[in-house]
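Sequences listed follow chains A and B, in order.
Oh and the first sequence: position 42 is 42 in the working numbering, straight run, nothing missing.
Converting from the second sequence to the working numbering requires adding 1000 to each position, the first position being numbered 1.
Incorrect hints may appear among the rest.
As the list claims (entries may be wrong) - Taking CB as the label site, the calculated pair distances span:
| no. | chain 1 | residue 1 | chain 2 | residue 2 | range |
| --- | --- | --- | --- | --- | --- |
| 1 | A | R12 | B | D1402 | 16 to 22 angstroms |
| 2 | B | F1242 | A | D142 | 57 to 63 angstroms |
| 3 | A | G150 | B | T1282 | 56 to 62 angstroms |
| 4 | B | W1005 | A | R146 | 20 to 26 angstroms |
| 5 | A | A32 | B | L1289 | 54 to 60 angstroms |
| 6 | A | A165 | B | D1402 | 23 to 29 angstroms |
| 7 | B | A1020 | A | R209 | 46 to 52 angstroms |
| 8 | B | W1005 | A | V23 | 39 to 45 angstroms |
Unchecked claim - Listed below are several chain A residues computed to face chain B (Cβ distance under 10 angstroms; list not exhaustive):
| no. | residue |
| --- | --- |
| 9 | N54 |
| 10 | L58 |
| 11 | L59 |
| 12 | G91 |
| 13 | A102 |
| 14 | P119 |
| 15 | R160 |
What the hints assert, rightly or not - Away from chain A, derived, C-beta distances all over 10 angstroms, residues of chain B:
| no. | residue |
| --- | --- |
| 16 | K1049 |
| 17 | G1148 |
| 18 | G1230 |
| 19 | L1257 |
| 20 | M1263 |
| 21 | L1344 |
| 22 | R1400 |
These aren't lab readings, by the way, just hints derived from the structure by calculation.
All residues carry an ideal CB built from backbone N, CA and C; glycine is no exception.
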Amino acid sequence: MSDPLIELAGIRKVYGRGTDVEVEVLHGIDLAIAPGEFTALVGPSGSGKSTLLNLIGLLEAPTAGSYRFAGRETAALPEREITRLRATSLGFVCQVHHLLPAFTAVENVLMPGLIAHGPVSAERREAARALLGDVGLGDRVDYLPRKLSGGQQQRVAIARALSIAPPLVLADEPTGNLDTHSADDIFALMRRFNETRGTAFLIVTHDPRLARRCDRIVSLVDGRIAGDEPNVRSS
Amino acid sequence: MPFEWVVALRFLREGRLQTALIVGGAAAGVAVVMFITALVNGLQANTIKRVLGTQAHIVIRPIEEVARPQRDAAAGESVAARVEARAQRLRSIDQWRALEPLLDRTPGVVAVSPMVSGPAFALRGDASKSVAVLGIDPARYDRIVAVGEKLVAGAFRLGPDDAVIGKELAKDLGLAVGDRFRLLTAETGTPVTQNFTVTGVVDLGVRDLNRRSVYVAFRTAQTLLALPGGASQIDLKVEDLFGAEELARRLEAQTGLTVESWMRTNEQLLAAINAQNLSTGTIRTFVALIVAVGIASVLVVWVVQKRREIGILRAMGATRERVQRVFLLQGAIVAVVGSLAGSLLATAMIAAFLRLARNADGTPLFDTITLPPWLYVAAIGGALVGGIAAAILPARSAARLDPAQAIRM
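Could you put the whole structure together from the sequences, leaning on the hints where they help?
Put into structure tokens, the structure is as follows:
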């Protein structure tokens, strides 16, 4: 197996440190994800899934433990470097409604590139349109998010996450607010990008049906990893 | 377009009402400041123009003669002396011909005109009037006080026996252009008279000056006032009106002569102008402050409303500095657009004011009220600085947002 893309060792996260309401949410997580892996992260509410995802997404720093991204220890990096990593190496698909409402579908898709690489060229604009075509929204590129359905918005979010071709996409309940049919569509889309581009996905989900369609299921209970097993795909 | 511009412009476009409100506020503020500035500057220029219409900016005179005790008190002794102030006789400025080219070369001096002036009586028939003889070179003096513009009859031309007189004097002595009269002087103790022909009558705008002024040729006055080859004063016109006093002090130090600026001789006027400037300055400062606070408060609300978007941008890798720049840019854009609109508004207000404020005969009451280009530049520049300053606090609070928290909402 190749070197892991990300490697967490003994990660702890404490909120409200030094106050009366000090809570430890994660109690020592060890986890490695290889490039191109398609992993589900499951667990009951409050088990620390979102916190773990934020840590992996470099939105928050762990209280203790080591987090290596592509071999580099992130705790040692300055904030600017962390922000740059987010801009160039991570894609986010959050819950619905996390598109920028003031920007059209194609502008949302272009935004990570604009942040990471500066003013948008004609080729990048074309590539963004093509990407939206790939997710089935070729005819909606200039729509504002509020004119799109929940499933369509999530497709835009996936296109946006993939626009800078990151090695890892983090998805926090990407199908949470969708009906079964749309959820299946979104899931299939992520799977397709995983297979065609080799992008690793880490998907937080409540839906056991979808989890079973991933290559690997990591389950989190009370801030600890309770299970981590390869999954023989049912579909 | 760079990221900051794309986001700032889009946020402004999206929040139409808020954008309109702060642009409108900035425009109103800029318009008021520009209008007040133009109005006050114009009215002041008008007043100063009237005052300086008959005065030189700087006048150089010989130093006054002082009486000195014959013996100064030495150490340990005292001298009981009663020193009477000397009567000041008419004298020439020492070495004035050498001084002239020096003054011409002095930076900030626009025009130099020597003058011989002294008291005399104007006589016609049985009437005699006490007058001031002003011996000048018309071409040079015209650059100091535009006598040519103030003519009511005749021409501003001075031959050896010609005189141009004030209109009250003309009335008092019953003189018209072409008429003759006599001037009598007694500088040497012996009366001297000379006949003159009136070539022009002027209205200097001040009754006393109109009653007393008699302009004659420079050389004629030298003879008449017994100052052959002399000049009793040198008039200067300067470039920077309000730098006149400073220049006067410098010239005084250089020449050792008595140098007086219009600012010294019109201290009350100057005090009034300064008080006016102070009050308009206060008004301007407060208007600017209110507009800046308005922009800042709208932007603060904006940042709160945009927390999630800011969080998303941060999660996608926008640095704190870039988020901060987005909001600074918003402040700057609003200020520039607002000040452009405001300066148009001010231009319209001044035009309307000038249309309404007219003399009875329909001529403009204030032809000095203008909006000079520097005022536009200053207004837009000032608004830009103010807009950015107003955006600093909101921009900082936007940059401080924690992306993880902002996204979770």
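Nearest-CB test (10 angstroms) between chain A and L1257 (chain B)
holds, 67 angstroms
Between G150 (chain A) and T1282 (chain B), is the Cβ distance one that fits in 56 to 62 angstroms?
holds, 57 angstroms
Given a hint of 57 to 63 angstroms, does the C-beta separation of F1242 (chain B) and D142 (chain A) actually sit inside it?
With a Cβ separation near 60 angstroms, F1242 (chain B) and D142 (chain A) satisfy 57 to 63 angstroms, so the hint holds.
Evaluate the given range 20 to 26 angstroms for the C-beta pair formed by W1005 (chain B) and R146 (chain A).
The hinted range 20 to 26 angstroms holds for W1005 (chain B) and R146 (chain A), with Cβ atoms some 24 angstroms apart.
Is the shortest C-beta separation between G91 (chain A) and chain B less than 10 angstroms?
Check passed: Cβ of G91 (chain A) comes within 9 angstroms of chain B, closer than 10 angstroms.
Would you say the C-beta atoms of A165 (chain A) and D1402 (chain B) sit inside 23 to 29 angstroms of each other?
Once the Cβ atoms are compared, 27 angstroms apart, the range 23 to 29 angstroms for D1402 (chain B) and A165 (chain A) holds.
Just to be careful: measuring from the Cβ of P119 (chain A) to every Cβ in chain B, is the smallest value less than 10 angstroms?
holds, 6 angstroms
Closest C-beta approach of N54 (chain A) to chain B relative to 10 angstroms, hint status
Because about 5 angstroms separates N54 (chain A) from the closest Cβ in chain B, which is inside the 10 angstroms limit, the hint holds.
10 angstroms cut-off, C-beta based - G1148 (chain B) kept clear of every residue in chain A
holds, 63 angstroms
M1263 (chain B) clear of chain A by more than 10 angstroms, beta carbon to beta carbon?
holds, 56 angstroms
With a cut-off of 10 angstroms, does the beta carbon of L59 (chain A) approach a beta carbon of chain B closely enough for the hint to hold?
holds, 4 angstroms
Can the suggested window of 39 to 45 angstroms be confirmed for the beta-carbon pair W1005 (chain B) and V23 (chain A)?
holds, 42 angstroms
Consistency note: the structure conflicts with none of the earlier hints.
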